Amino acid sequence: MVEIASWKVKTGLAEMLKGGVIMDVTTAEQAKIAEEAGACAVMALERVPSDIRAAGGVARMADPTIIEEIMESVTIPVMAKARIGHFVEAQILESLGADYIDESEVLTPADDLYHINKHDFKVPFVCGCRNLGEALRRIGEGAAMIRTKGEPGTGNVVEAVRHMRTVMSEIRQLSAMPQEELMTAAKNMGAPYDLVFYVAEHGKLPVVNFAAGGIATPADAALMMQLGVDGVFVGSGIFKSGDPQARAKAIVIATTNYNDAKVLAEISKDLGEAMSGIEISTLAASERMQERGW
Amino acid sequence: MKKRIGVLALQGAFREHRLILEQLGCEVTEIRKSSDLDGIHGLIIPGGESTAIGKLLQFGDLGEKIKEKAIDNLPIFGTCSGMILLSKRIENSTQYNLGLMDMTAKRNAFGRQIASFEADLNVPTLGSQSVRAVFIRAPFIQEIAPNVGILAEYDGKIVFVRQGNMLASAFHPELTEDLRVHRYFLKIVEENWGN
Chain A
193 MVEIASWKVK TGLAEMLKGG VIMDVTTAEQ AKIAEEAGAC AVMALERVPS DIRAAGGVAR
253 MADPTIIEEI MESVTIPVMA KARIGHFVEA QILESLGADY IDESEVLTPA DDLYHINKHD
313 FKVPFVCGCR NLGEALRRIG EGAAMIRTKG EPGTGNVVEA VRHMRTVMSE IRQLSAMPQE
373 ELMTAAKNMG APYDLVFYVA EHGKLPVVNF AAGGIATPAD AALMMQLGVD GVFVGSGIFK
433 SGDPQARAKA IVIATTNYND AKVLAEISKD LGEAMSGIEI STLAASERMQ ERGW
Chain B
18 MKKRIGVLAL QGAFREHRLI LEQLGCEVTE IRKSSDLDGI HGLIIPGGES TAIGKLLQFG
78 DLGEKIKEKA IDNLPIFGTC SGMILLSKRI ENSTQYNLGL MDMTAKRNAF GRQIASFEAD
138 LNVPTLGSQS VRAVFIRAPF IQEIAPNVGI LAEYDGKIVF VRQGNMLASA FHPELTEDLR
198 VHRYFLKIVE ENWGN
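Listed in order, the protein sequences are those of chains A and B.
According to the working numbering, the first sequence holds residues 193 to 486 in order.
According to the working numbering, the second sequence holds residues 18 to 212 in order.
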């Protein structure tokens, strides 16, 4: 029996992306630079998060022309972002042939209560989380891959670290619980019981988990890998830096060799200016993209 | 003595291969630099992105060292992107490859992710029971030299091949519970080891 777009095939692509770097790109030229540097996928966007932040207003799905140009320019998978809850943007992205859809807090949410029912689609989805409950709610809705949210467009890794530490700590707590406590844990974290049960039994998420939101240097990427993520998304960190080519390549090598400080020292040399960052405490609550999503 | 199998751990699904090999009683070494290759009896190149793995093979001398080991008859098994990297020729591409098997690979040959699929594959070498094969943005083999043997075809496309000690599949046996493909590779390792 032939089965297209099965759960195995959806989560399987994420398995193939592991140990890799997914880079935000806004043009075909940037996509080629990313592929040449060794990116395992690109995220096709109209603007990188730091520019979205600067522009303000409503941020929406990218123009399909941009996505198509990027799809034609590289052979690696091309992801694209839809607004939270905007299932029509997702339908459009699926019809264009995008390889993964990111239902993303970087864009302005289209629904203030509900996310997309991702089981309805053939294309797999990745969603952001700040904690285990949020991750499991998204997986329950059909996300085949998870990423910790961090704070997009800041070049500041602190929120990505906080979200990853939170997820890992909550996984450890579930693993240590006797079975009779799991239903209450599921209730308290607002997560489906079967997924809570899976995490308690296996000590890990049922899907691949990447880090996102604030990674700007090879050391940042290696830090997230050592904290236990499966790979990294780099948004503004590459094409808002002084030397995108060199930085992209260095972050790719760092993500593979995250445990080898000698290699990390070598590849961190002479990369030029990193993107200028934002201290999180200077962002008003309304400016924090991580608060989007329910 | 346990068989020691290296799994190329630059990018992709190397953990899944590791778990299966451990289940089959092997000692597993993750390969990230050329010195990791010392003392292994076989090597697996996992699924992932072939361009990304190709770039990382060129960092240091890892790629070249794998080629040397292959000339010394080290058994190598490539899945999906591993199949692409093992191919001598890649259609419409000048990307880095190891080029150890005399065949031409076509990348993303079944289409983009929305065309990815699983299917039952008839692999006579592994017995009469079919193999559940998972194809993810998978390649197939467009042409082969006479010294490359076809182990399986799907819909008339070559998806599983062997050339001497070298094995390559377009699908992902590491994503299923069926251990027969890995067992078949370990048999090649065993036979080679005896010689």
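Treat the hints as calculated values from the structure; they're not laboratory data.
Given the structure is predicted, the values throughout are model-derived calculations rather than measurements.
Just so it is clear, CB atoms sit at the ideal spot from N, CA and C, and this is done for glycine as well.
There's no promise every hint is true.
If you want the footprint, here are the derived chain A segments under chain B, 3+ residues with CB under 8 Å [stated by the list, open to error]:
#1 228 to 239
#2 264 to 271
#3 345 to 359
The following label-pair restraints were derived from C-beta to C-beta distances [to be verified]:
#4 B:S52 with A:W199: 34 to 42 Å
#5 B:N109 with A:K454: 35 to 43 Å
#6 B:E47 with A:K396: 12 to 20 Å
Status of the hints after comparison with the structure:
1. Given as covered by chain B, the stretch 228 to 239 of chain A passes the check, having 6 residues with a CB less than 8 Å from a CB of that chain where 3 are the minimum.
2. Taking a C-beta to C-beta cut-off of 8 Å, the stretch 264 to 271 of chain A contributes 3 residues in contact with chain B, enough for the three needed, and the coverage statement holds.
3. Under a criterion of three residues with beta carbons nearer than 8 Å to beta carbons of chain B, the stated coverage of the stretch 345 to 359 of chain A fails, only 0 such residues being counted.
4. Against the hinted window of 34 to 42 Å, the Cβ-Cβ separation of S52 (chain B) and W199 (chain A) comes to about 39 Å, which satisfies the hint.
5. Range check, N109 (chain B) to K454 (chain A): about 38 Å between beta-carbon atoms, so the 35 to 43 Å window is met.
6. Look at E47 (chain B) against K396 (chain A): about 18 Å separates their beta carbons, and that is inside 12 to 20 Å.
Hint 3 from the earlier list is the only one contradicted by this structure; the remaining hints agree with it.
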